[in-house]
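**Q** Letter by letter, the chains look like this.
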Amino acid sequence: MAHRWGMVIDLDRCTGCEACVAACHAENNIATVGDAEAARGRAMHWIHVERYWDGEFPNVRVGFRPIPCQQCDAAPCEPVCPTYASYHNADGLNAQVYNRCIGTRYCANACPYTVRFFNWFNPVWDKPLNLQFNPDVSVREVGVMEKCTFCIQRIKAAEIKAEMEKREMKDGEFSPACVQTCPAGAMVFGDLDDPASMISRFSNSVRGTKLLSEVGAFPKVTYLERESSHGNE
Amino acid sequence: MATNSAAQANVIDLKSDQIRQDLLRPVFHTSRRYYALVFVLIALGLPGVFAYLYQISNGMGVAGITRPVFWGFYITNFVFWIGISHAGTLISAILRLVNATWRRPVTRCAEAITVFALAIGAQYPIIHLGRSWLFFWLIPYPSERGIWPNFRSPLLWDFFAISTYITGSLIFLLLPIIPDWAMVRDRATGLRKRIYAILSLGWRGTPREWHRLEVAMRVMAVVIIPVAVSVHTIVSWDFAMAPVPMWHSTVFGPYFVAGAIFSGIAALIIAMALIRKFLHLEDYLKPIHFDNLGKLLLLFSLLWLYFIFSERLTVWYGNQTSEMAAFWSIQRGPFAVPFWTMVFCNFLIPFPILAIKKLRTITGTVIASSTIVVGMWLERFLIVVPPLEHKYLPYDWGNYHPTWVEIAITAGTLMGMILFYVLFVKFVPIISIWELKGGKRTEPVADQAHASVSSAAMRLDSTLPSGNG
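In the order they appear, the protein sequences are chains C and Y.
Using the numbering used here, read the first sequence as starting at 1 and increasing by one per residue.
Using the numbering used here, read the second sequence as starting at 1001 and increasing by one per residue.
Hints listed in this document are in silico derivations from the structure and should not be mistaken for laboratory results.
One should not assume that every hint holds.
[Said to hold, decoys possible] DMTMM-like mimics (lysine to aspartate or glutamate), calculated; alpha carbons at most 25 angstroms apart, straight line: (1) LYS161/C with ASP91/C; (2) LYS210/C with GLU1389/Y; (3) LYS210/C with GLU1209/Y; (4) LYS156/C with ASP194/C; (5) LYS170/C with ASP136/C; (6) LYS1286/Y with GLU1311/Y.
The whole structure should be built from the sequences, with the hints applied where relevant.
**A** Structural data, given as C-alpha cells:
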C-alpha cells in the first residue's frame, strides 16, 4: 500500500542546535568537504538550519528554520532532469537515483529551496568518520547530485518488517534520523494519507505553513510558525 | 534589401578567370604565415584541452561553480556560441529567399560560422556535465538500462534542437560547396585531386545536377529558418522553464533569438573583415556588404535595447521581493559594472557608428561588431549567474568566482573556433565561385563548362521568389 510521507517542523520548539544535521551526516554517509570547500559554499548538509534575524539591535530576535528536502508534490527538480535521475516514487518522495545522474545540475538550479547538493569531488570523510559508514546507504561518486531522501532506507526497512509480520505499518514506528535525534522534539514524521496519524493532525494546524508556497511546488514539509511571531514581543 | 538588386548585381565587375584565380588562390597556395597562425592557435588552445582533462580527472570542483551558482562560464559560453551560430545559416537563408544579389560573396562565410560555432557551443553542455563520459545517456536509444531519456526536460529539447540544427546547417553549407570542390578537383593534381574528387561526389555540372542542387537549396533555405528560430528559443527555455527569479520569463524566447542574430551578425562582420584583409579579397567583400550588414546590425541593436528594456521594466514594476534581489544586484550591485559595460558595448557605442552613414565604413562596422560580441557575452553571463546567486531564501545566497580552469577552457574554445575557420578557408573557397559568377549576368561566358554553371545559377535566381514585390 502506498504512503504519502511528510514532515512537520515546529519552529516554536526548534532551538537551532543542529543535532539533526549531525545525525543526517552519520545516517546517510554524507561526505565532509573540509574548511576551504565549505567556505566556497560546497558543504553538503541534506538538512541545514537557516538562521534569520528579525528587527534592529538591540531588539533582535533570531529564528531558526531547519530545511530538509521539502519532497514537493509538484517538484521543479523532477521534470528538468534529462535522465530520470530525479523522479517521483510511488510514495510521493522525490527520489534521486545516483547511478542515473550525469551531473547537469539543472535540478539544483530549479529547486527553490536549494536543498540539492553536488559532489564536486570524490567524497572524503574526516577521521574517524571514515570508520562509521551506514551499510544501508550507498556512497556517491564525483559528479552526481544528492539530497535528503527522508531516510528511504529506514522507510524500506520498516516496510519489510511490517510485511514479514503481516501487518500494516504503525504511525511512529520509525522516523528519519533527524526526527529521531531532535532533542527538542520539534520534528514529526509520518503518513499524510493516514488521517489518524500525528502528522496529519499537525499538518492541519492553524500554525501550519508551507515554505515558499507562492512558487507552487506543494511541499510535503509543513512548518508550524512561532506563535509569538505575529506579536511584537 | 533586394529593392535595388539590379544595381547591386554589378557590384563585382571582374572577369570570370580573374574570379576563379583570386578565389582558388588560398586553396592552392599556403604561405609560411599561415602555418605560423595555425601553430599559434593550437598553442593558445592547448591549455583549454589540458584544463578539461584536469577537470575530468579531479572533479567538477576545480571549476568555480558552487552552490547555489551551479551554472557559470560553461553555460554562458554555451548560450553565447549557439547565439553566434545564428548569423550564418539564418541570414544566408533569408538573403537567398529574398534573392538579395549582394549576398553572393557573403553566404559561405556566414554558413561556416554557423557550423563551427555550433560545433563549439555543443561541447559546452558536455564539458559542464559532472560525469561528461555519460553524456550519451541523453540520446534516446534502446539500452540495457531500459529507460528512455526524459522528454519533459528542456536539456533534452536542447539535444534535439542542436543536433537538428547542426545537421541542417551542415547540409546547407556543403550543398553549394560541391560545384566549387569540383572546380578545385579539375585544377588539382595528385593526392589533392583524389581528395577533392571524393569530396565533390562526382559532380559533372550537368543540367540535371544543377537542377537538383537548386531545388535542394530552395528547400533547405525554407526549412532552416524555423529550425534556427526554434533552436535559440529552446536554449532560452533552459532558463525560462525553471522557477528561478528573473529566469522564469516569457520574453526569453524572442529575446534570445534577437540577441543571437545580433551577436551572429557581429561575428560575421569581423570574420568577413579578416578574410578580406588576409586573403586580399578587397574586390569581392566590398564596403557595400559591410554597409548592408551594418544596417542589419543597427536594427538588431535597437531590437536588443527594446527587449532588455521590456524585460527589466516588467521586473522592476512588478517589484516581487525574490526578483528584486537579483535585479538590484545587476543594476547597482556587484554586477553593475558588467551590466553598464554591456549597455555601452551593445548600444551606446555601436548605435552612433552604425546610424551615421559616414561612420558605417568597414572599420566602423568592425569596431561596432567587436564591442557587440563582448557585450553579448556579458549579456549571457548576466542572464545565467546573478539570478542563481539570489534565489528565494537569502540564507542560501552565494557568490561565483570563475577559476583558471573555466577561463582556460573558454579561451581554448575561442581559439578552436578561429582554428576551424582558418582551416576551412584553406580547404574550401571561402567565397562561392559559381554563385558569384552566376551573379554576373552580363559577363560573356568563357567556355562551355562555365556556360552551364552560369546559366544554371541564373536559373536558380529566376526561380527564387523575388524580393521586389
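**Q** For every hint, state whether the structure bears it out.
**A** Status of each hint after checking the structure:
1. At most 25 angstroms may separate the alpha-carbon atoms for a hinted pair to count; LYS161/C and ASP91/C meet this at roughly 17 angstroms.
2. Pair hint LYS210/C plus GLU1389/Y holds up; C-alpha atoms about 23 angstroms apart against a cutoff of 25 angstroms.
3. Distance restraint check for LYS210/C and GLU1209/Y: the Cα-Cα separation of roughly 68 angstroms exceeds the 25 angstroms cut-off, and the hinted pair is therefore not satisfied.
4. Taken as a hint, the LYS156/C and ASP194/C pair is honoured in the structure, with Cα atoms around 18 angstroms apart against an allowance of 25 angstroms.
5. Under the criterion of a C-alpha separation no larger than 25 angstroms, the hint pairing LYS170/C with ASP136/C is consistent with the structure, at around 22 angstroms.
6. For the given pair, LYS1286/Y sits about 37 angstroms from GLU1311/Y by alpha-carbon distance, which is inconsistent with the 25 angstroms threshold.
Comparing the model with each earlier hint shows violations of hints 3, 6; every other hint is respected.
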